[in-house]
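Asker: The residues making up each chain are set out below.
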Amino acid sequence: MSGRPGHSCSGVFVAGVPLVWLLLFVLLPLLIVFAISLAETRTGSPPYTPLFTWEAGFLPRIHVQARNYALLLSDRLYIDAFLSSLRIAATSSFIALLIAYPMAYAIARARESVRTPLLMLVILPFWTSFLIRVYAWTGILNSNGFINNVLLDFGLIKAPLPLLHTEFAVHLGIVYSYLPFMVLPIFAVLEKLDWTYLEAAADLGARPLKAFLRVTLPLSLPGIFAGVLLVFIPALGEFIVPELLGGPDTLMVGRVLWTEFFSNRDWPLASALAIGLLVLVLVPAIVFFRLMRKEEAA
Amino acid sequence: MKNRSTFVLSMLVFGYAFLYVPIVILIIYSFNDSRLVTVWSHFSARWYGELFKNAQIGEALWLSLRVAAASATVSVILGTSAAFAMRRMRTLFSRGAFEAMVTTPLILPEVLTGLSLLLLFVFLGETLGWPGQRGALTITLAHITFGMAYATVVIRARLSQLDPALEEAAADLGATPWRTFRRVTLPLLLPAIFAAWLLAFTLSLDDVVIASFVTGPGATTLPLVIFSSVRLGVSPQINALATLLVLFAACTILTATLILRREEMQAKNMK
Amino acid sequence: MDTHQDGPVRRPLQPAAANPIPLLRIEKASKRFGLVTAVDAVSLDIHRGEFFCLLGGSGSGKTTLLRMIAGLELPDEGRIAIEGEDVTGAPAYARPVNMMFQSYALFPHLSVEKNVAFGLQEEGRPKAEIAKRVREALEMLDMGAFSARKPHQLSGGQRQRVAFARALVKHPKILLLDEPLAALDKKLRERAQFELVRLRERVGITFVMVTHDQEEAMGMASRIALMQDGKIVQAGSPRELYDAPVSRYVADFFGTSNLFEGNIKECARGEAAVESAEAGTVLRGQYGERLAAQTSVAVMVRPEQVHLSREAPQAENVLRGKIASAAFLGNCHACQVTLDSGKTVLARLSPAEFGKAGSPAAGETVHLFWPSAAARVLKQ
Chain A
9 MSGRPGHSCS
19 GVFVAGVPLV
29 WLLLFVLLPL
39 LIVFAISLAE
49 TRTGSPPYTP
59 LFTWEAGFLP
69 RIHVQARNYA
79 LLLSDRLYID
89 AFLSSLRIAA
99 TSSFIALLIA
109 YPMAYAIARA
119 RESVRTPLLM
129 LVILPFWTSF
139 LIRVYAWTGI
149 LNSNGFINNV
159 LLDFGLIKAP
169 LPLLHTEFAV
179 HLGIVYSYLP
189 FMVLPIFAVL
199 EKLDWTYLEA
209 AADLGARPLK
219 AFLRVTLPLS
229 LPGIFAGVLL
239 VFIPALGEFI
249 VPELLGGPDT
259 LMVGRVLWTE
269 FFSNRDWPLA
279 SALAIGLLVL
289 VLVPAIVFFR
299 LMRKEEAA
Chain B
517 MKNRSTFVLS
527 MLVFGYAFLY
537 VPIVILIIYS
547 FNDSRLVTVW
557 SHFSARWYGE
567 LFKNAQIGEA
577 LWLSLRVAAA
587 SATVSVILGT
597 SAAFAMRRMR
607 TLFSRGAFEA
617 MVTTPLILPE
627 VLTGLSLLLL
637 FVFLGETLGW
647 PGQRGALTIT
657 LAHITFGMAY
667 ATVVIRARLS
677 QLDPALEEAA
687 ADLGATPWRT
697 FRRVTLPLLL
707 PAIFAAWLLA
717 FTLSLDDVVI
727 ASFVTGPGAT
737 TLPLVIFSSV
747 RLGVSPQINA
757 LATLLVLFAA
767 CTILTATLIL
777 RREEMQAKNM
787 K
Chain C
1006 MDTHQDGPVR
1016 RPLQPAAANP
1026 IPLLRIEKAS
1036 KRFGLVTAVD
1046 AVSLDIHRGE
1056 FFCLLGGSGS
1066 GKTTLLRMIA
1076 GLELPDEGRI
1086 AIEGEDVTGA
1096 PAYARPVNMM
1106 FQSYALFPHL
1116 SVEKNVAFGL
1126 QEEGRPKAEI
1136 AKRVREALEM
1146 LDMGAFSARK
1156 PHQLSGGQRQ
1166 RVAFARALVK
1176 HPKILLLDEP
1186 LAALDKKLRE
1196 RAQFELVRLR
1206 ERVGITFVMV
1216 THDQEEAMGM
1226 ASRIALMQDG
1236 KIVQAGSPRE
1246 LYDAPVSRYV
1256 ADFFGTSNLF
1266 EGNIKECARG
1276 EAAVESAEAG
1286 TVLRGQYGER
1296 LAAQTSVAVM
1306 VRPEQVHLSR
1316 EAPQAENVLR
1326 GKIASAAFLG
1336 NCHACQVTLD
1346 SGKTVLARLS
1356 PAEFGKAGSP
1366 AAGETVHLFW
1376 PSAAARVLKQ
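Going line by line, the protein sequences match chains A, B and C.
Just so you know, the first sequence maps onto residues 9 to 306 in this note's numbering.
Just so you know, the second sequence maps onto residues 517 to 787 in this note's numbering.
Just so you know, the third sequence maps onto residues 1006 to 1385 in this note's numbering.
Don't read these hints as lab results, they were simulated from the structure.
Note that the structure is a prediction, hence the values are computed from the model and not measured.
Hints are supplied without guarantee of correctness; some may be wrong.
In the EDC-like style, the derived pairs of lysine to aspartate or glutamate whose C-alpha atoms are separated by at most 20 Å in a straight line are [stated by the list, open to error]: (1) C/K1155 <-> C/E1141; (2) C/K1348 <-> C/E1321; (3) C/K1155 <-> B/D679; (4) C/K1327 <-> C/E1283; (5) C/K1119 <-> B/D549; (6) C/K1191 <-> C/D1234; (7) C/K1155 <-> B/E779; (8) A/K302 <-> B/E615; (9) C/K1119 <-> B/E683; (10) C/K1119 <-> C/E1134; (11) A/K218 <-> A/D202; (12) C/K1192 <-> C/D1218; (13) A/K200 <-> A/E303; (14) C/K1236 <-> C/E1309; (15) C/K1119 <-> B/E779; (16) C/K1236 <-> C/D1050; (17) C/K1119 <-> B/D679; (18) C/K1327 <-> C/E1316; (19) C/K1033 <-> C/E1082; (20) C/K1327 <-> C/E1309; (21) C/K1178 <-> B/E684; (22) B/K569 <-> B/D549; (23) C/K1155 <-> B/E683; (24) C/K1178 <-> C/D1091; (25) C/K1033 <-> C/E1090; (26) C/K1384 <-> C/E1283; (27) C/K1155 <-> B/E780; (28) C/K1384 <-> C/E1266; (29) C/K1236 <-> C/D1081; (30) C/K1178 <-> C/E1090; (31) C/K1033 <-> C/D1234; (32) C/K1236 <-> C/D1257; (33) A/K200 <-> B/E780.
Could you put the whole structure together from the sequences, leaning on the hints where they help?
Answerer: Printed below as a string of structure tokens:
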């Protein structure tokens, strides 16, 4: 280490404790999940076959099999789960973008003094319980929930609409829960924008909408990408929203994993699903980090 | 131009309405006397009364608060260490690998984190004999793991904003590294540490999925109680509880923001 | 250079004999950052009571060298000794040296008083002594009334004073200053230069200052070390560096100079004869080290040393050319003269001399000349 005085001994300690924690509670568990995904399920505790057995001699015998992965790739149920997770996450992200962008734009253009309170109002829901916010929608989308009551009272419908336990409700739930995560990055980019670009565009004869499409929108792309990824990635593995707001045919990977684990007690299969989910999440996550690195460098 | 700003403004209003109306409806329904939460009968606060008498919820709340406080505190300590460690790391590789591990809990789906930690505890239980019984301790350990990730991000951001000359000046004036940390760095980091603690506390208090995986008999946290209750449908006591939680969160955030704003104004004047 | 007013009076350099052990001795110190050598085997002695200046452009290594004296960087090679005591491996908090940072680095969460008291508290001094010394330091810098304020409530100049007080209150053996005047605008800078020199004389502490501004260094320092690429190119009093630079780089760094390329004809008794095609004649000048014949050199003459007349004078170093431009700058005339060889020479003449030469205008033929004692022969 080139001479920063007095920093050698304490340095090891400072880095050591969090490092050990991370190795033990982040890296090791993931390795174990991968290992278990190669085991077979059985009754008993723990409900999976051991990977190593010492029968005769010194070296253990390794029992691994990739049947769980074969199942994932062949069984319609699981393939549909992955595909619909991608689909729902993508459409939810897009809808969230449509709502969040104007909000972020409005706040970025607002007076300096009101900007912080406006932002705070966007962030505030994030600090209330996620579970409760999703639960709130059950009371609204119910067959005798708020929306149906209002529509029935006003005579607009004859029978209650099945709003709850549908894919529509799941989209609603995801957009609702993750909206602040879309607003903030877009706001961050728009706030730093030099609005004289728009003035220059107007000066060159562009009408406001055109100026927006050709100047503002392209310049805010980094914020849009960040926001979309911040919604898309968690939505992929979402469990609570599909569980509370989705129907029996709403397949999302998180929920399927839960069922396999808790209802079917098939830990190896659940582990394989978990690895599949990890792979699914990994690609957008890497894209996100590359994006962050570029932002930092800029 | 006028048309567009009207559009943007109305989207803003719609957005806020979209965010807050469900919560407001939830609060209103908590004062509905009817057991069928969403069918209005008349105004009453009886569910709050029943809530206070509910021992199960009371115990769960108490457990959740203890777990949240403990995990937030350890998260912040580990997060501060991690932030300093990352600052010190010279080589790009070691810092990149460390950073990747620290931020992994932030992007992993909760079902994955929960499953992996449960399998870890089972594995440790089989091989080392510890933990013998899963429960409050394992939940706390799990919460520390993702709490540390958030804490590191928050504290590291603030740390990188500090003028490195400040620590050099302290050393120049005779302070050893530990004294520099205690007298200069730590006081300046305190707002970020406070924010990180609050964040880890809130996330711990709110966690359902991970706790479901790693919990054991007798360790039912508040979110677990709420979750098992709402899976069956709406429940008036839950509405009352939800209202209280929302109000508590709102007050905490308002005070925290005011405190942090004052610190920011001071820092701004220094520039 | 002549438009610059006379700097404040400086104490003359202490003769080496009076201080056999230099206050600060740096021996062949080097510092590398990765592949870059910031400081390259630098050796330097600084004596008690000096106002020493490390001067150079960015990347010259002056700031790194300063930080090595402070202990904020440890040298990869070499030795650093303060009053004979080896402090090479000593961390910053163990050295009797204090630094004033370019950003002042006042602790934002502490009041002015607590900022200044910081170092004394680290020494473990009794409370009464700390209070007294803090009060005295603040009053010496006219900041006594601000002791309860926080740094963000002070102006830039006030923060600088507090930073000073904080560094001085510990009575360090050396006070280091990292570009202290860089943040000030021109008007404030001149006044601050005066105050700094006066302050040093008042407290008697040795100052070592880093700057990139040659006027500042000339005006304030008793001795200057000019650095380039991690090495000290020349160290000496401002007069020495200006009148007797050892290289073109030094000559160019301080003000403007006329440089005539040529080859050595002969060297004798301190004076060299240089055959110069640019000048069109043999020039004579002072040399530092004896050089072999035919060595490629440059002869340097400062514009204010160049004399001008219409007729060819009876003197050494006479050149003939036409006036390209003559600008009146208030206190002097700046004349650009183009020689037959095509080279342009800059001459600065007092109004009196310009008048005596007949106030020549552009296009007129004139003769330039200077005494050999005013010219220096530079090797590279």
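Asker: So if I understand the rule, the pair passes when the alpha-carbon distance is 20 Å or less; does C/K1178 with B/E684 pass?
Answerer: holds, 18 Å
Asker: Is it true that the CA of A/K200 sits at most 20 Å from the CA of B/E780?
Answerer: Holds, at roughly 18 Å.
Asker: With a cut-off of 20 Å on the C-alpha distance, tell me whether C/K1155 and B/E683 pass.
Answerer: holds, 18 Å
Asker: Is C/K1155 within 20 Å of C/E1141, Cα to Cα?
Answerer: Holds, because 19 Å separates the two Cα atoms, which is no more than 20 Å.
Asker: Is the hinted pair A/K200 and A/E303 satisfied, with a Cα-Cα distance of at most 20 Å?
Answerer: holds, 13 Å
Asker: Hinted pair, alpha-carbon criterion (20 Å max): B/K569, B/D549. Please report holds or violated.
Answerer: holds, 17 Å
Asker: What's the verdict on C/K1327 and C/E1316, does the C-alpha distance respect the 20 Å limit or exceed it?
Answerer: Status holds; Cα separation ~13 Å.
Asker: Take a quick look at whether C/K1178 and C/E1090 sit within 20 Å of each other, Cα to Cα.
Answerer: The given pair, whose Cα atoms are some 12 Å apart, holds under the 20 Å limit.
Asker: Measure nothing beyond the straight line between the CA atoms of C/K1033 and C/D1234; if it is 20 Å or shorter, mark the hint as holding.
Answerer: With a Cα-Cα distance of about 15 Å, the restraint between C/K1033 and C/D1234 holds, given a limit of 20 Å.
Asker: Going straight from one Cα to the other, do C/K1236 and C/D1257 come out at no more than 20 Å?
Answerer: holds, 17 Å
Asker: Taken at face value, is the distance from the CA of C/E1283 to the CA of C/K1327 at most 20 Å?
Answerer: holds, 15 Å
Asker: For a C-alpha distance cap of 20 Å, please report whether C/K1119 and B/E779 respect it.
Answerer: holds, 19 Å
Hint check: violations occur at hints 5, 6, 14; the rest are consistent with the structure.
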